[in-house]
Amino acid sequence: MSETGYLVAFISVAAIATFATRIIPFLFFERHTEHPLIKHLGRYLPAAVMALLATVFLQRSGDWSATVPGLDTILAGALVVVIHLWRRNALLSIAAGTAAYMLIRQTGILDSGLAG
Amino acid sequence: MNSSVFRLTLPILFGYLPLGMAFGVLFATQLDYAWWAAPLMGILIYAGAGQILAVSLLAANAGLLEVFIAMFVLNARHLFYGLSLLGQFRGAGWRKLYLIFGLTDETYSLLTSRSRSQDTLHELDVDFRITAFNQVYWVVGCTLGALLGRNVAFDSTGIEFALVALFIVLTIEQLKALGDSFPVWAGAAAAGIAMILLPPAHQLIGAIAIVTAVLLLQYRNLRARSGAEGNNHV
Numbered sequence: 005m006s007e008t009g010y011l012v013a014f015i016s017v018a019a020i021a022t023f024a025t026r027i028i029p030f031l032f033f034e035r036h037t038e039h040p041l042i043k044h045l046g047r048y049l050p051a052a053v054m055a056l057l058a059t060v061f062l063q064r065s066g067d068w069s070a071t072v073p074g075l076d077t078i079l080a081g082a083l084v085v086v087i088h089l090w091r092r093n094a095l096l097s098i099a100a101g102t103a104a105y106m107l108i109r110q111t112g113i114l115d116s117g118l119a120g
Numbered sequence: 053m054n055s056s057v058f059r060l061t062l063p064i065l066f067g068y069l070p071l072g073m074a075f076g077v078l079f080a081t082q083l084d085y086a087w088w089a090a091p092l093m094g095i096l097i098y099a100g101a102g103q104i105l106a107v108s109l110l111a112a113n114a115g116l117l118e119v120f121i122a123m124f125v126l127n128a129r130h131l132f133y134g135l136s137l138l139g140q141f142r143g144a145g146w147r148k149l150y151l152i153f154g155l156t157d158e159t160y161s162l163l164t165s166r167s168r169s170q171d172t173l174h175e176l177d178v179d180f181r182i183t184a185f186n187q188v189y190w191v192v193g194c195t196l197g198a199l200l201g202r203n204v205a206f207d208s209t210g211i212e213f214a215l216v217a218l219f220i221v222l223t224i225e226q227l228k229a230l231g232d233s234f235p236v237w238a239g240a241a242a243a244g245i246a247m248i249l250l251p252p253a254h255q256l257i258g259a260i261a262i263v264t265a266v267l268l269l270q271y272r273n274l275r276a277r278s279g280a281e282g283n284n285h286v
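As given, the protein sequences belong to chains A and B, one line each in that order.
So the mapping is simple: the numbering used here equals the position in the first sequence, first residue as 1, plus 4.
So the mapping is simple: the numbering used here equals the position in the second sequence, first residue as 1, plus 52.
Careful, some of the hints might be misleading.
Keeping only pairs whose Cα atoms sit at most 20 Å apart, straight-line, the calculated SDA-like set for lysine to any residue is [unchecked claim]:
(1) A:K43 - B:A229
(2) A:K43 - B:L227
(3) A:K43 - B:K228
(4) B:K228 - A:R91
(5) A:K43 - B:Q140
(6) B:K228 - A:V86
(7) A:K43 - B:L268
(8) B:K148 - A:F30
(9) A:K43 - B:L135
(10) B:K148 - B:L137
(11) A:K43 - B:R277
(12) B:K228 - A:W90
(13) A:K43 - B:L138
(14) B:K228 - A:N93
(15) A:K43 - B:S136
(16) B:K148 - A:I27
(17) B:K148 - A:I28
(18) B:K228 - A:L96
(19) A:K43 - B:R275
(20) A:K43 - B:N273
(21) A:K43 - B:S233
(22) A:K43 - B:A265
(23) A:K43 - B:T264
(24) B:K228 - A:L95
(25) A:K43 - B:A128
(26) B:K148 - A:A19
Calculated from the structure, these hints are not laboratory results.
Only a predicted model underlies this, so the values are computations on that prediction, with no experimental measurement involved.
Looking at chain A on its own, in the form it has when it is part of the complex (with noise of 0.2 Å):
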């Protein structure tokens, strides 16, 4: 498949997806509100998804063969749930754990650090 035609495909695959997930309400579950099993998986699968996402990507982030494994990912991790915890703005968090990972992938000053 050629470049653009694989970018057609993902956008038009991730808008169907998306759209799906708007729409299915509205077309099966006029009559099932009320099922405890539907209730259920609406309290605990959100929550349950992006901890999920959250850890795969954590994990995906983190430099495995440095001096203390991880330890990019989870101090700037860390810093994201500190800051969040203390102001609980979104995106004050996300800039302050990207900045902060930014900084230690971009001037490797955990490795030197922990060298010296």
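Start from chain A and add chain B according to the hints.
Only chain B this time, still in chain A's reference frame:
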């Protein structure tokens, strides 16, 4: 009416512009596709976390089935937004399809929390405009970010951490709203198991399957327990 809709959606503007820009910068700095694909995604997909995840899926040249499953599950929370709006959207006519398409987290929170008059048609028109205004903010943010990322030279190494940070923030928000940490531990544990057992390309789908199974088991146990209690009381 548009000025009152603008005032209502102002907080969303302040949220969507920077987040859309973050997506645009990420798209333009991580990928080699034309910059305008970023706003195009904002128009056609219109999902914050979904589009940011899409950047890493595009970078990995992910298979289309994996793209579908990952996007569907990431946005699965929207399934439950619709359930609570079945009644409210009734009678919206031609507007209904767009109201459903534009049902993001922020639009949902605005549509369900604002005060409504008895005039259903008028209120649905306001809902429609709120949805459209919000998407305009989002697409403008995506455009600005993509242009910025393409034209301003800076070392963007590590900017992809924005995705991780976003998921951490969303996890904390879910945890606070729920007041129960079980699903968070279940999700993290499922991810851990999938990462140990599966190659990277299948970890996301594997973890999703595990955590869904855990939640179904939990549902069965809760039902069995409440059923037993119910019998004792009889």
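Evaluated hints:
1. A:K43 - B:A229: holds (15 Å)
2. A:K43 - B:L227: This hinted pair holds, its Cα atoms lying about 17 Å apart.
3. A:K43 - B:K228: holds (18 Å)
4. B:K228 - A:R91: holds (14 Å)
5. A:K43 - B:Q140: holds (19 Å)
6. B:K228 - A:V86: holds (14 Å)
7. A:K43 - B:L268: holds (12 Å)
8. B:K148 - A:F30: Cα-Cα ~10 Å, so holds.
9. A:K43 - B:L135: It holds: about 10 Å lies between the C-alpha atoms, which stays within 20 Å.
10. B:K148 - B:L137: Judged against 20 Å, a Cα distance of about 11 Å means the pair holds.
11. A:K43 - B:R277: holds (17 Å)
12. B:K228 - A:W90: With Cα atoms ~13 Å apart, B:K228 and A:W90 stay inside 20 Å; holds.
13. A:K43 - B:L138: holds (15 Å)
14. B:K228 - A:N93: holds (14 Å)
15. A:K43 - B:S136: holds (11 Å)
16. B:K148 - A:I27: holds (10 Å)
17. B:K148 - A:I28: Holds - the C-alpha atoms of A:I28 and B:K148 are around 13 Å apart, at most 20 Å.
18. B:K228 - A:L96: holds (18 Å)
19. A:K43 - B:R275: Roughly 13 Å separates the two Cα atoms, so the pair holds.
20. A:K43 - B:N273: holds (15 Å)
21. A:K43 - B:S233: Answer holds: A:K43 to B:S233 is near 17 Å, not above 20 Å.
22. A:K43 - B:A265: Holds: A:K43 and B:A265 sit about 16 Å apart, inside 20 Å.
23. A:K43 - B:T264: holds (14 Å)
24. B:K228 - A:L95: Roughly 17 Å between the alpha carbons, so the hint for B:K228 and A:L95 holds.
25. A:K43 - B:A128: holds (13 Å)
26. B:K148 - A:A19: The given pair, whose Cα atoms are some 18 Å apart, holds under the 20 Å limit.
Every hint, counting from the list given before, is met by this structure.
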